[in-house]
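So the sequences go chain by chain: A, B and C.
With our numbering as the guide, the letters of the first sequence map in order to residues 1 to 659.
With our numbering as the guide, the letters of the second sequence map in order to residues 1 to 121.
With our numbering as the guide, the letters of the third sequence map in order to residues 1 to 335.
Derived by calculation from the structure, the hints in this document are not laboratory data.
None of these values were measured; they are calculated from a predicted model.
Be careful, since some hints might not be right.
[Said to hold, decoys possible] Okay, the calculated beta carbon distance ranges per label pair:
{"id": "1", "chain 1": "C", "residue 1": "59", "chain 2": "B", "residue 2": "117", "range": "23 to 33 Å"}
{"id": "2", "chain 1": "A", "residue 1": "115", "chain 2": "C", "residue 2": "257", "range": "40 to 50 Å"}
{"id": "3", "chain 1": "A", "residue 1": "330", "chain 2": "C", "residue 2": "65", "range": "49 to 59 Å"}
[What the hints assert, rightly or not] Going by beta-carbon spacing under 10 Å, a handful of chain A positions derived as facing chain B:
{"id": "4", "residue": "159"}
{"id": "5", "residue": "197"}
{"id": "6", "residue": "225"}
From the three backbone atoms N, C-alpha and C, an ideal C-beta is built for every residue, glycine too.
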Amino acid sequence: MEFDLSRFRETFFQEADEHLAEMEAGLLGLEAKPDPELLNGIFRGAHSIKGASGTFGFEEVTRFTHAMEGLLDAMRAGQISPSRTRIDLLLASLDMLRRLLVAAQSDGAAPPEAEPTMQQLLVARRAGEYVPGTRARVRAQDRQATSWSIRFVPSPEILRQGMDPVLVLRDLGRLGEIRKVQLDLSRLPELANLEPDTCHLAWTVDLCTEASEREIRDAFAFAEDGAIIETRRQSTGLEPPATAADPSPAPIARAVAHSESGTIRVGTGKVDKLIDLVGELVIAQSMAAQVLAAFQPSQLGRLQETFAEVERYTRELQERLMGIRMLPIGNAFSRFPRMVRDLAAATGKQVSLEIQGEETELDKSVVERMADPLTHLVRNAVDHGIEPPNQRAAAGKPPAGVVRLHARHEAGSVVLEISDDGAGLDRDRIFAKAVERGIRMDGDNFSDERIFSLIFEPGFSTAQQVSDISGRGVGLDVVKKSVEALNGAIAVFSEPGHGATFRIKLPLTLAILDGLLLRSGRQVFVLPLISIMESVVPRCDQVSFVAGRGEVIVLRGEPLSLVRLNRLLHLPESGDGLGLAVIVEHHGKRLALQVDELLGQQQVVIKSLEANFRKVEGAIGATILGDGQPALILDVAALAEMARVAVIGPIPKGACAES
Amino acid sequence: MPRTALIVDDSASIREMVAFTLREAGFAVLEGVHGADGLEKLGEQRVELIITDLNMPVMDGLTFIRQVRTRPANRYTPILMLTTESQPEKKQQGKAAGATGWVVKPFHPMKLLEVIGKVLP
Amino acid sequence: MKSLRKLFAWASAGKRALRDIPGCLAVLPVLRAQLHETSQQVEEAVVGVCGNFTGIAARARRAVAQTAELLGGDQQDSDATVERSIETSRLTIAGLLERVERAGQMSSLVISSMQEIEATAVGIESLLSEVQRIAFLNKIVALNAKIEAVHVGQLGSGFEVVADEISRQSARSDELAEGIGDRIGQMRERVRSAAANLRECVAQDRAKLDESRHNADTALTLLWSLHQKARECLSRMTGENQSLADDISSAVVALQFQDRVKQRVAHVMSVLQSVEGVLGSEVGSEAARPERAIPTPALVAEMHAAYSMEAERSVMNRPAVQSAPASSDMEVELF
Numbered sequence: 001m002e003f004d005l006s007r008f009r010e011t012f013f014q015e016a017d018e019h020l021a022e023m024e025a026g027l028l029g030l031e032a033k034p035d036p037e038l039l040n041g042i043f044r045g046a047h048s049i050k051g052a053s054g055t056f057g058f059e060e061v062t063r064f065t066h067a068m069e070g071l072l073d074a075m076r077a078g079q080i081s082p083s084r085t086r087i088d089l090l091l092a093s094l095d096m097l098r099r100l101l102v103a104a105q106s107d108g109a110a111p112p113e114a115e116p117t118m119q120q121l122l123v124a125r126r127a128g129e130y131v132p133g134t135r136a137r138v139r140a141q142d143r144q145a146t147s148w149s150i151r152f153v154p155s156p157e158i159l160r161q162g163m164d165p166v167l168v169l170r171d172l173g174r175l176g177e178i179r180k181v182q183l184d185l186s187r188l189p190e191l192a193n194l195e196p197d198t199c200h201l202a203w204t205v206d207l208c209t210e211a212s213e214r215e216i217r218d219a220f221a222f223a224e225d226g227a228i229i230e231t232r233r234q235s236t237g238l239e240p241p242a243t244a245a246d247p248s249p250a251p252i253a254r255a256v257a258h259s260e261s262g263t264i265r266v267g268t269g270k271v272d273k274l275i276d277l278v279g280e281l282v283i284a285q286s287m288a289a290q291v292l293a294a295f296q297p298s299q300l301g302r303l304q305e306t307f308a309e310v311e312r313y314t315r316e317l318q319e320r321l322m323g324i325r326m327l328p329i330g331n332a333f334s335r336f337p338r339m340v341r342d343l344a345a346a347t348g349k350q351v352s353l354e355i356q357g358e359e360t361e362l363d364k365s366v367v368e369r370m371a372d373p374l375t376h377l378v379r380n381a382v383d384h385g386i387e388p389p390n391q392r393a394a395a396g397k398p399p400a401g402v403v404r405l406h407a408r409h410e411a412g413s414v415v416l417e418i419s420d421d422g423a424g425l426d427r428d429r430i431f432a433k434a435v436e437r438g439i440r441m442d443g444d445n446f447s448d449e450r451i452f453s454l455i456f457e458p459g460f461s462t463a464q465q466v467s468d469i470s471g472r473g474v475g476l477d478v479v480k481k482s483v484e485a486l487n488g489a490i491a492v493f494s495e496p497g498h499g500a501t502f503r504i505k506l507p508l509t510l511a512i513l514d515g516l517l518l519r520s521g522r523q524v525f526v527l528p529l530i531s532i533m534e535s536v537v538p539r540c541d542q543v544s545f546v547a548g549r550g551e552v553i554v555l556r557g558e559p560l561s562l563v564r565l566n567r568l569l570h571l572p573e574s575g576d577g578l579g580l581a582v583i584v585e586h587h588g589k590r591l592a593l594q595v596d597e598l599l600g601q602q603q604v605v606i607k608s609l610e611a612n613f614r615k616v617e618g619a620i621g622a623t624i625l626g627d628g629q630p631a632l633i634l635d636v637a638a639l640a641e642m643a644r645v646a647v648i649g650p651i652p653k654g655a656c657a658e659s
Numbered sequence: 001m002p003r004t005a006l007i008v009d010d011s012a013s014i015r016e017m018v019a020f021t022l023r024e025a026g027f028a029v030l031e032g033v034h035g036a037d038g039l040e041k042l043g044e045q046r047v048e049l050i051i052t053d054l055n056m057p058v059m060d061g062l063t064f065i066r067q068v069r070t071r072p073a074n075r076y077t078p079i080l081m082l083t084t085e086s087q088p089e090k091k092q093q094g095k096a097a098g099a100t101g102w103v104v105k106p107f108h109p110m111k112l113l114e115v116i117g118k119v120l121p
Numbered sequence: 001m002k003s004l005r006k007l008f009a010w011a012s013a014g015k016r017a018l019r020d021i022p023g024c025l026a027v028l029p030v031l032r033a034q035l036h037e038t039s040q041q042v043e044e045a046v047v048g049v050c051g052n053f054t055g056i057a058a059r060a061r062r063a064v065a066q067t068a069e070l071l072g073g074d075q076q077d078s079d080a081t082v083e084r085s086i087e088t089s090r091l092t093i094a095g096l097l098e099r100v101e102r103a104g105q106m107s108s109l110v111i112s113s114m115q116e117i118e119a120t121a122v123g124i125e126s127l128l129s130e131v132q133r134i135a136f137l138n139k140i141v142a143l144n145a146k147i148e149a150v151h152v153g154q155l156g157s158g159f160e161v162v163a164d165e166i167s168r169q170s171a172r173s174d175e176l177a178e179g180i181g182d183r184i185g186q187m188r189e190r191v192r193s194a195a196a197n198l199r200e201c202v203a204q205d206r207a208k209l210d211e212s213r214h215n216a217d218t219a220l221t222l223l224w225s226l227h228q229k230a231r232e233c234l235s236r237m238t239g240e241n242q243s244l245a246d247d248i249s250s251a252v253v254a255l256q257f258q259d260r261v262k263q264r265v266a267h268v269m270s271v272l273q274s275v276e277g278v279l280g281s282e283v284g285s286e287a288a289r290p291e292r293a294i295p296t297p298a299l300v301a302e303m304h305a306a307y308s309m310e311a312e313r314s315v316m317n318r319p320a321v322q323s324a325p326a327s328s329d330m331e332v333e334l335f
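All chains, full assembly: derive it from the sequences and hints.
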């Protein structure tokens, strides 16, 4: 009876993840306040996973959840109290269960620590207390594996006695792990003298086994007569004891979770709204068609109105369809309470986590891709931001630090803030580190903003040692890149002694961009609105030429690099004079982009250049304008970089002529 | 195809018990009441296993073993002797006659199967 | 004289005893036969018990096989068959997933349609503004024409030029309007098909989705509980079978006592035979040969009194008794 259940495996693993998340939340809640309903919920979670995993034949998962179930059942029946140590054990078991599920999903072997953990659950079930450190004890009880070197020269008669010496080797192999077998052919005579039923062979076997010497000898029971058997114990080849369990879920698990899942679960409410909307749209459509059919120029106004309506509905439909992919960011926040708790305990600090705005919705893949950067920032906040309790007390702060996660919508973007009330960024230390690392600093105005934004440079860390907890190769530069890859921006604000805030701004959707259309020469470009500060009409006297830096425009006392777009992109000169300067922001730095004309604000649909053409330096994508012409969407960061690198030529004559 | 074994013993109850154990392990069992009978039952066919008592009338175990070893079909067939602990010389004689191993009487069926496992692939 | 009398008495007693010997001798074969028969009976009993073991083991195996069959084979038409449940749930789940997949595909199709519509709409907007501009121009031109006409009076030429201009503009207007019309048509088509797709997919499937989910839940729950029960049953049986095997093994070891008994009995029988031989040669005469001798009545009476079983007596009554088949070179092994 073969049933191919493989197609439903994905669903099982997704649901198991959801159950695990609920169970973890339940356990954390249980710590705060014992509640029978929570216990029931947690028990049900374990029960569901057990049931489903049995159907799919994931034996180890079933056994493990069964053990968890036993303890939970005893707890909810009131036989055992949910003490802190037991909750610790259950949380540790959840981690183990996650690893078991990962192993099951990738058809790998179950982690060896699963068995002892399960034993602890069973012991705890019998109303024992879980004592940390039993884990180590259990392992020490394991029989010691020893390496043996065994030399076996069977009696030449052995074959004639009906015994096959290879069976002895087979039996040795059943005792442990044969590392090496060496065949000794030295007794083999010439072919002419060879008697086929005389045994001329001998073997030396390297065996790693927990069995005793007597058990090894037993394997030779019928092969002893007339044989040479030598067993020699090698230096005890103990496997290095397994490293202590990671404080965080294994990186593998995270990798699996990170790959975007293929299915989307849609709330039926959203679907209903969609259907309504499509209905409205169709009605508006037919009305517009009617008007058009009897078109008179005098009817133009009416036509416009109708189209506006159609436009409106279409846009709303689009947004709602996009919204199907929207997930509340609370999903990405869910693991933080546990993580902060564990981290605080590991670093000896007291930290409480406040979360606001978990219902804020983001595109699904944005939520997924922000998970790791957010994790790093939260870790940072606990590890480097919040001071140890005594230090806080000395500074007159409450001993428990606060890390705040705040998500909200703001004018077409989503803003995520990770803030802490710790010691804040040390401006001087950052500056010193920058100097030490030889990081170039343009200009001489070192505002706090610019200094602080240095921490996003690659390889930058002012921590005395990169601690194990947050220094795992996910630097702040990677966080920044991740955010910018999503068309977002990240900035850091800090007040010494009062803490730091990381603010991430992300567009609501991936594929739609609010852009500003502009013209440089004959070409139309789109600039992401999110990066635009303002636009000015520069006067000749505001523009100067600074050696080593190129053209500069002074705005409210601050010098900004003036970048002529047409020159930067090697486009023909338009000769329109100074045109307009659009002030864009990047990296805390500002740039003035000189263009010929602003054509208006528009929502554009981002089309990928890489997918359709090839990567174009300076553009994050392209879009199709209303007249069918394509327009490049400018990448402000890339432009700034290109400008920095470009050879700035002498100021062309007549550039300042008033048009 | 089930494996075939031959049990030779003059005691019907011993034969029955050995045969029972072997059948439970999936063997088809031939029986002989003494050495000569065993040789006759064997004929020219090859069996996977032979178990024989040592003290039998007409033809004893050692003679039987020596005879089996002259037959091409069963020259290298594993042969187990049913012996008692108190006579190590018997084991030596048996080996010299060509026996592969032995089972101690009274035998525990599980132990018998274990010993068989040692000599059969 | 006294010693002589004693000697004579002793000799007479000896002679009497000697006279008794043939009688005793005659009994010995009977004793041997009884021992032999006892040995045989015990052996048969043991063989019988062993035969029972085979039956017990076979029955236990059959029970396990039946339970295993329940887990895997097809049974009666009862709906509760595990296999049926699995099949139902498999189909249901397959259907469920297919719908979800299709819904997903539909959504992305709709999304890309919507995007194209958006682009179209944007194009229309710019067209509209063009139209607006032209309409405005129209008005200006017409106004100019009117003013001109008033100033110039009936002079035709200027007016004609203006009129041309207006009609050209109007033609352009119409062109544009047609362009708009086309685009609208396109958009209408796209939206309509998108709406139709979406509606069809979602509405039709919503009810099916719920039904499917319900079916799947019921089927899987049932499956799980059946599977669970069967598993428990099987493991219980396997456990019991293991105990059974252990019990039988112990019995087999114990029953091998029979072998010991047989050996001992054979020893005794052989000793008896030697005694027979010795006594027979002592007595010497033909009359003393065991086959011909008549058992001493006294002894016989004693044996009758001692033996209670019919079988024993019948052995006794057999006239000629075979001696136990004992090979001359038999070695007796005593545990």
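Checking against the hints above, which ones are violated? none
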